[in-house]
Amino acid sequence: DTGVSQNPRHKITKRGQNVTFRCDPISEHNRLYWYRQTLGQGPEFLTYFQNEAQLEKSRLLSDRFSAERPKGSFSTLEIQRTEQGDSAMYLCASSFYSDPEAFFGQGTRLTVV
Amino acid sequence: GENVEQHPSTLSVQEGDSAVIKCTYSDSASNYFPWYKQELGKRPQLIIDIRSNVGEKKDQRIAVTLNKTAKHFSLHITETQPEDSAVYFCAAWPNQGGKLIFGQGTELSVKP
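Protein chains in written order, with the numbering used here: chain A, 324 to 436; chain B, 167 to 278.
Be aware that a few hints might be false.
[Unchecked claim] Across the chosen pairs, the derived CB separations fall in these ranges:
#, chain 1, residue 1, chain 2, residue 2, range
1, A, 394, B, 184, 43 to 51 Å
2, A, 332, B, 249, 22 to 30 Å
3, B, 184, A, 341, 43 to 51 Å
4, A, 381, B, 173, 23 to 31 Å
5, B, 180, A, 382, 25 to 33 Å
6, B, 225, A, 377, 33 to 41 Å
7, B, 173, A, 389, 34 to 42 Å
8, B, 180, A, 380, 41 to 49 Å
9, A, 333, B, 167, 18 to 26 Å
10, B, 218, A, 331, 32 to 40 Å
11, B, 221, A, 345, 39 to 47 Å
12, B, 180, A, 424, 28 to 36 Å
13, A, 394, B, 224, 36 to 44 Å
14, A, 432, B, 218, 33 to 41 Å
[Unchecked claim] Derived pair list, reagent style DSSO-like, types lysine-lysine, alpha-carbon separation capped at 30 Å:
#, chain 1, residue 1, chain 2, residue 2
15, A, 380, B, 237
16, B, 188, B, 224
17, B, 208, B, 223
18, A, 337, B, 208
19, A, 380, B, 188
20, A, 334, B, 208
21, B, 234, B, 277
22, B, 208, B, 277
23, B, 237, B, 223
24, B, 277, B, 224
25, B, 234, A, 380
26, A, 380, A, 334
27, B, 208, A, 394
28, B, 208, A, 380
29, B, 208, B, 188
30, B, 188, B, 237
[Stated by the list, open to error] To give an idea of the chain B side of the interface with chain A (calculated C-beta under 7 Å), a few residues:
#, residue
31, 195
32, 198
33, 209
34, 255
35, 259
36, 260
37, 265
38, 268
39, 270
40, 271
Treat the hints as calculated values from the structure; they're not laboratory data. Just so it is clear, CB atoms sit at the ideal spot from N, CA and C, and this is done for glycine as well.
Throw the hints in and build the complete structure from the sequences for me.
Structure below.
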């Protein structure tokens, strides 16, 4: 499968714990995006990278959220001190630079209990 | 920044009827407008897109129209089938913005 891959698919964690998600984009794509989706809503932009550079981070993203793409390939999204409001589907997408056609991964569903 | 509004939030049609979903956007610099279909528990999948240099694009039973003056675009599905049942999202790409901005989604239900 040469599509966007996300791991894990599901994560249940206790409030206050840290979690980390991984995204492997389509290999030729140099842009990588993270979105969050809650039930009944459209994907909400979190942050995006071009190669290893993080070009934009949503103002909605608190300091508990951090993302990296150290070698311009896979990316990780970490949430520290999780809260119940963090429960959502976290989607990753990738595209070519300056080509907006983006392809999504299956997502990681986070449940904070 | 860009803002995308999508209507209706739910749409129920009989099999064989047509379905239309409408979106408006705020940033006149936006130049790319994709539509994604998301089935329950699955990833959003791109089904059709349109760029600002054309007014209409068709792909079999689906079509998208764009009115740049009014800043709105629509998805048209003809001869709907039960497998068209899903949530549909529109999005807009602000030319200098670097990321897609999504509408709130439309849950389409096609009744046999």
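Results for each hint:
1. Under the hint 43 to 51 Å, the C-beta atoms of residue 394/A and residue 184/B, about 48 Å apart, fit the expected range.
2. As the Cβ distance of residue 332/A to residue 249/B is approximately 24 Å, the hint placing it in 22 to 30 Å holds.
3. Against the hinted window of 43 to 51 Å, the Cβ-Cβ separation of residue 184/B and residue 341/A comes to about 49 Å, which satisfies the hint.
4. The hint said 23 to 31 Å for the Cβ distance between residue 381/A and residue 173/B, and at roughly 24 Å that hint holds.
5. At about 44 Å, the beta-carbon gap between residue 180/B and residue 382/A misses the expected band of 25 to 33 Å.
6. For the pair residue 225/B and residue 377/A, the beta carbons lie near 35 Å from each other, so the given range of 33 to 41 Å is met.
7. Residue 173/B and residue 389/A have their C-beta atoms about 36 Å apart, which keeps the hinted 34 to 42 Å range intact.
8. As the Cβ distance of residue 180/B to residue 380/A is approximately 45 Å, the hint placing it in 41 to 49 Å holds.
9. Checked against the given bound of 18 to 26 Å, the beta carbons of residue 333/A and residue 167/B, roughly 32 Å apart, lie outside it.
10. Separation of residue 218/B from residue 331/A is about 39 Å and conforms to the stated range, judged on CB atoms against 32 to 40 Å.
11. Distance hint check: the CB atoms of residue 221/B and residue 345/A are about 41 Å apart, consistent with the given range 39 to 47 Å.
12. Between residue 180/B and residue 424/A, the C-beta spacing of about 33 Å keeps the proposed range 28 to 36 Å intact.
13. For the pair residue 394/A and residue 224/B, the supplied restraint of 36 to 44 Å holds, since their beta-carbon distance comes to about 41 Å.
14. At roughly 35 Å, the beta carbons of residue 432/A and residue 218/B sit within the given window of 33 to 41 Å.
15. Taking the CA atoms of residue 380/A and residue 237/B, the gap is near 26 Å; set against the 30 Å cutoff, the hint holds.
16. Restraint check for residue 188/B and residue 224/B: the C-alpha separation of about 16 Å stays at or below 30 Å, so the hint holds.
17. The straight-line distance between the Cα atoms of residue 208/B and residue 223/B is roughly 26 Å, inside the 30 Å bound, and the hint therefore holds.
18. At roughly 25 Å between alpha-carbon atoms, residue 337/A and residue 208/B fall within 30 Å of each other, so this suggested pair holds.
19. A hinted pair counts as satisfied when its Cα atoms are at most 30 Å apart, and residue 380/A with residue 188/B qualifies at roughly 28 Å.
20. Of the supplied pair hints, the one linking residue 334/A and residue 208/B holds, its CA atoms being roughly 16 Å apart against a limit of 30 Å.
21. A distance of roughly 33 Å separates the Cα atoms of residue 234/B and residue 277/B; the hinted pair therefore is violated under the 30 Å criterion.
22. Straight-line distance between C-alpha atoms of residue 208/B and residue 277/B comes to about 21 Å, which keeps the hinted pair within the 30 Å bound.
23. Of the pairs offered as hints, the one joining residue 237/B and residue 223/B holds, with about 16 Å between alpha carbons and a cut-off of 30 Å not exceeded.
24. Taken as a hint, the residue 277/B and residue 224/B pair is honoured in the structure, with Cα atoms around 24 Å apart against an allowance of 30 Å.
25. For the hint pairing residue 234/B with residue 380/A, the CA-to-CA distance comes to about 28 Å; that is within 30 Å, so the pair holds.
26. For the given pair, residue 380/A sits about 23 Å from residue 334/A by alpha-carbon distance, which is consistent with the 30 Å threshold.
27. Distance check on the hinted pair: residue 208/B and residue 394/A sit about 28 Å apart at the alpha-carbon level, within 30 Å; holds.
28. Simply put, residue 208/B and residue 380/A have alpha-carbon atoms about 25 Å apart, close enough for the 30 Å limit, and the pair holds.
29. In summary, the hint linking residue 208/B to residue 188/B is supported, as the alpha carbons are separated by about 23 Å, within the 30 Å threshold.
30. Between residue 188/B and residue 237/B the alpha-carbon distance is near 11 Å, which keeps this suggested pair within the 30 Å criterion.
31. A cut of 7 Å between beta carbons decides the hint on residue 195/B: the least distance to chain A is about 13 Å, and the hint is violated.
32. With a cut of 7 Å, the hint placing residue 198/B at the interface with chain A holds, because the nearest CB-to-CB distance is about 4 Å.
33. Using the Cβ-Cβ criterion of 7 Å, the hint placing residue 209/B at the interface with chain A is satisfied: the shortest such distance is roughly 4 Å.
34. Interface restraint check for residue 255/B: the shortest CB-CB distance to chain A comes to about 5 Å, inside 7 Å, so the restraint holds.
35. For residue 259/B, the interface hint holds, since its Cβ comes within 7 Å of a Cβ in chain A; the closest pair sits about 4 Å apart.
36. Interface hint at residue 260/B: violated, since its Cβ lies 10 Å from the closest Cβ of chain A, which is beyond the 7 Å cut-off.
37. At its closest, the beta carbon of residue 265/B sits 5 Å from a beta carbon of chain A; the interface hint therefore holds under the 7 Å criterion.
38. For residue 268/B, the suggested interface contact is upheld, since its CB lies about 4 Å from the closest CB of chain A, less than 7 Å.
39. Against a cut-off of 7 Å between C-beta atoms, the interface hint on residue 270/B holds, since the closest Cβ of chain A lies about 5 Å away.
40. Restraint check, residue 271/B versus chain A: the minimum CB separation of about 5 Å is within 7 Å; hint holds.
Of the numbered hints given earlier, the model fails hints 5, 9, 21, 31, 36; all others are met.
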